[in-house]
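Could you build all of it, start to finish, from the sequences and the hints given here?
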Amino acid sequence: MLPRRPLFRPLCRLSTAAATLRPSIPVWRTARSYSQQHPPDAPPASATPADPAIPDAAAREKVAATLQAATSQENARRTWVPPKSPIQHRIHRHIQANGPLSVAQFMKYALLHPSEGYYARAGAPVFGRAGDFVTAPELTQLFGEMLAVWLAHQWAALGRPPAFQLVELGPGTGVLMHDVLSALAPMQDGAIFQALRAVHLVEASATMQMRQMERLTPGTAPDVDLNQFPSHAEAETEAEADGFPITWHQVIDTVPEGMPTLFFANEFFDALPIYKFIKTPEGWREIMVHNNDLASTDLTTPENDILTFRLIQAPGHTRYSRFLPIASPRYASLPVGSVIEVSPESYAVAHHIAKRLRADLGAALFVDYGSMSVPRDTLRGIQRHRMVDLFVDGADLSADVDFGALHAATAETCAFYGPMPQGAFLRAMGVEMRLDQGLQAARDDAATAERLKATVERLTGSGASDMGDRFHVVAMTSPTVATCYPFPGPVPEAPSSA
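Just so we're aligned, residue 1496 is where the sequence shown starts under this note's numbering, counting upward by one.
Bear in mind the hints are in silico, worked out from the structure with no lab data behind them. Glycine residues also receive a C-beta, built at the ideal position from the N, C-alpha and C atoms. Treat the hints loosely; a few may be bogus.
Across the chosen pairs, the derived CB separations fall in these ranges [claimed, not checked]: (1) Arg1853 with Gln1683: 20 to 28 Å; (2) Ser1828 with Glu1907: 21 to 29 Å; (3) Ser1866 with Ser1960: 16 to 24 Å; (4) Ala1658 with Pro1713: 37 to 45 Å; (5) Ile1821 with Asp1940: 29 to 37 Å; (6) Ala1652 with Glu1752: 16 to 24 Å.
Here's what the structure looks like:
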């Protein structure tokens, strides 16, 4: 039975630092991403003159095929009409005034605008059956319990420090932190809970912060004007004698240093902004978001198929295309026509944590979908538990995580482990034993027993609708920490190729 009231006191710190973080999604992404279905419009022919130094006609034809303008049928789908929502109006006006947006800028606007973004929608469900996607913590508290087992094991591996802090990135509804704290309380004969000095939640959305406060410390959420987010505002509730503070941060940089720290996150990196690039014979060019004003008009087009924005290829170099694609040797061998996704913010967060783990004792655990290879055009929209076009109004946005880039961010700083399939990780943590205990408790309730088995199968299974093989787990530890169960050993060096 979970505690009815919090065992801790909340301390809410709200700052205006640049938004970089948030939770995300486990809808199944086996279908093609938006730009695979709708290639970016080609620039004017005059913008990409033939390069006599590159005589490979076949390569040019491949790029032309990748970037060809939409057919008349696709243009009918892209017929432009005025934006439907306030955030679309805002983005449309910005593009009119300033020109095309990078995909990363578009994602920040669409997801994290403080009053109109996806995660700021008052009263609109995001998680769960009534929302757009379901995450593992929303399915069952067993997921949080298994993460708590790992955290307790790593606390012991750190030498059982008498004081440490816990940090979650992108806490969603707050249910994962609630389950982790509830499970940690009795572990190690209560010693780990006694050593816990503070909890920090890193959440870029003020609206989501309020929801998390209501979950973790009911009735304590302050009244915040989302249009005038306070600078370094503080709102502290009444302290409990046996409690510890919970602090909310918009960015990870404000989390205090100087204490052993355990970090964790579920579906966090997949929602950080990404830049998209395509390799042409002339070099890397950025794929950007433009208004769809110039598309052809077809009055027979169904309203649901009308899109306000479109992808274009920048005719020349942009601010980011000059250095991001050449920042890693992993991109050099990719063939002409390749589309890649690069997330500088993911790299920066991983590098920040790695430096923290080197300076202060600690470990980090991240669960997400992705691989060690370069993401090749994976950005997609999610709405009502299915994949939709990238520019559908009100859709969430998500891209595969580049674990190889996260590994590179930790080079010579800390140890990096994984990725390990989520199913294997949860089984190693004892989820099947907990299932057996649950089934024993529900031996007289066949319906409950079946639900328990189905839920654990979804978390650990390898079927098309299961998370066990689709999601992976990676970990980071201080270089002086000798073990990181259940991983067999650290990855020896950063990958050099895709």
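To see whether the hints hold, each was checked on the structure:
Checking the proposed 20 to 28 Å range against Arg1853 and Gln1683 shows it holds: the Cβ atoms sit about 26 Å from each other. Ser1828 and Glu1907 have their C-beta atoms about 24 Å apart, which keeps the hinted 21 to 29 Å range intact. For the pair Ser1866 and Ser1960, the supplied restraint of 16 to 24 Å holds, since their beta-carbon distance comes to about 20 Å. Range check, Ala1658 to Pro1713: about 27 Å between beta-carbon atoms, so the 37 to 45 Å window is missed.
Taken as a hint, the range 29 to 37 Å is violated for the pair Ile1821 and Asp1940, whose Cβ atoms sit roughly 60 Å apart. Remark: the range hint 16 to 24 Å for Ala1652 to Glu1752 is upheld by a beta-carbon distance near 21 Å.
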